[in-house]
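J.: First to last, the protein sequences are chains A and B.
Taken in order, the first sequence gives residues 1 to 171; the numbers are from my numbering.
Taken in order, the second sequence gives residues 1 to 171; the numbers are from my numbering.
Please keep in mind that the hints were generated in silico from the structure rather than gathered at the bench.
Small disclaimer: the values here were computed from a predicted structure and weren't measured.
Note that CB positions come from ideal geometry on N, CA and C, so glycine has one too.
The reader is advised that the hints may include incorrect statements.
Mimicking DSSO-like on lysine-lysine, the simulated pairs with C-alpha atoms at most 27 Å apart in a straight line are [said to hold, decoys possible]: (1) B:Lys137 with A:Lys137; (2) A:Lys35 with B:Lys35; (3) B:Lys49 with B:Lys35; (4) B:Lys49 with A:Lys35; (5) A:Lys87 with B:Lys25; (6) B:Lys137 with B:Lys83; (7) A:Lys35 with A:Lys83; (8) A:Lys35 with A:Lys87.
Now the in silico label distances, taken between C-beta atoms and shown as ranges [said to hold, decoys possible]: (9) A:Ala136 with B:Arg79: 47 to 55 Å; (10) A:Glu53 with B:Pro46: 51 to 59 Å; (11) A:Ala136 with B:Glu84: 46 to 54 Å.
Partial list, computed: chain A residues near chain B (C-beta under 10 Å) [unchecked claim]: (12) Met1; (13) Val13; (14) Gln93; (15) Arg116.
2 protein chains.
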Amino acid sequence: MDDLVPPANFAMVDHGVFRSGFPQKCNFGFLKTLKLQSIVYLSTEPYPKSNLEFMQSNGIRLFRFAMEGSTKSSAEIHREIIKEALKVILDEQNYPLLIHCRSGKHRTGCVVGCIRKMQRWCLLSIVEEYRQFAGAKARNCDERFIEFFDVSNLKKSSQPAICFRNTFNFI
Amino acid sequence: MDDLVPPANFAMVDHGVFRSGFPQKCNFGFLKTLKLQSIVYLSTEPYPKSNLEFMQSNGIRLFRFAMEGSTKSSAEIHREIIKEALKVILDEQNYPLLIHCRSGKHRTGCVVGCIRKMQRWCLLSIVEEYRQFAGAKARNCDERFIEFFDVSNLKKSSQPAICFRNTFNFI
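Please model the complete structure; the sequences and the hints are all you need to start from.
T.: Spelled out as structure tokens, the structure:
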């Protein structure tokens, strides 16, 4: 049997939630092993036909949020889109779920940073994790965005339905 | 309520399995949220009293494997110790479980690399993950060790008892 090829920048965020860069055809065998229910795609670009076919034949639902990859969007637009994406990401009925953008660094990094904020991680640990994925491409504006993202009105939208529910430690 | 401080280099390896650098007192609040059953400690150094007390008061079992932090051990010694550690790590009765050494880079990186090999990840993806944690301290000898580690006689030692069991895709 061939070895499995995870997408670039693949990692587990928490139970039932994964993150990565853009999945290529060579990653489909690996993605099958995750038994995904949903993909959260953070981009304005259309989804490739081969990826849509893979999702259809594996019963995976696509949630697309039109986030710009560059830094030209205002923090306010960014914030509203991320709040909408978080509603999907925090709903455990959508698990297992993969969050991805193009490189798995900036847009995905911001969204995961907001999740960590909801989990009450301290800012330096959130930024350490962001930089682990962004590497030399880390953006100050993303880190600031995470720092000032307000999680006070955000809550998990469903009852935990998975194991080790206490790992999730939302405010 | 205070923010939570994960240990340095903290991440989720798979359902019920976490990795990190050495936990300090400031990390105990965060570690409590993981509801750990076990800690796998990869070092010849004694465990600090404060950490032992934290474990005792939270019912966490310590498994210590005397791995040298430097590169002076032969690959053969290294290999035998890691095989013993993997027996504990693959036994889901010990979950949730935290694997750590000093920095969470080399010894922990080797062990996680061997787990990924059992999960049939391709070598380049395993090394990408190893480097994400080791950063500028990545060691060629660790990467070679992972490349030549033989997983053909290793199997999961217990039936999966956790959700999303198919995420584990052992050979």
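J.: Hint by hint, say whether it matches the structure.
T.: Evaluated hints:
Taking the CA atoms of Lys137 (chain B) and Lys137 (chain A), the gap is near 19 Å; set against the 27 Å cutoff, the hint holds. A threshold of 27 Å between alpha carbons decides the hint, and for Lys35 (chain A) with Lys35 (chain B) the separation of about 25 Å falls inside it, so the pair holds. Taken as a hint, the Lys49 (chain B) and Lys35 (chain B) pair is honoured in the structure, with Cα atoms around 20 Å apart against an allowance of 27 Å. Only pairs whose Cα atoms come within 27 Å are accepted, and Lys49 (chain B) paired with Lys35 (chain A) is rejected, the gap being roughly 42 Å.
Proposed proximity of Lys87 (chain A) and Lys25 (chain B) is contradicted: the alpha carbons are some 34 Å apart, above 27 Å. Proximity of Lys137 (chain B) to Lys83 (chain B) is assessed by CA-CA distance (about 24 Å); at most 27 Å being required, the pair is judged to hold. As the CA atoms of Lys35 (chain A) and Lys83 (chain A) are separated by approximately 25 Å, the hinted pair is consistent with the 27 Å bound. This hinted pair checks out: Lys35 (chain A) and Lys87 (chain A) have alpha carbons roughly 21 Å apart, not beyond 27 Å.
Taken as a hint, the range 47 to 55 Å is violated for the pair Ala136 (chain A) and Arg79 (chain B), whose Cβ atoms sit roughly 34 Å apart. About 56 Å separates the C-beta atoms of Glu53 (chain A) and Pro46 (chain B), a value consistent with the hinted range of 51 to 59 Å. Checked against the hint of 46 to 54 Å, the pair Ala136 (chain A) and Glu84 (chain B) fails, with Cβ atoms roughly 38 Å apart. For the restraint placing Met1 (chain A) at the interface with chain B, the shortest Cβ-Cβ distance is roughly 7 Å, inside the 10 Å limit, so the hint holds.
Proximity of Val13 (chain A) to chain B holds as hinted, the smallest CB-CB distance being about 7 Å (cut-off 10 Å). Restraint check, Gln93 (chain A) versus chain B: the minimum CB separation of about 14 Å is more than 10 Å; hint violated. The closest approach between the C-beta of Arg116 (chain A) and any C-beta of chain B is roughly 9 Å, which is under the 10 Å cut-off, so the hint is satisfied.
Figure legend: structure checked against the earlier numbered hints; hints not met, in rising order: 4, 5, 9, 11 and 14.
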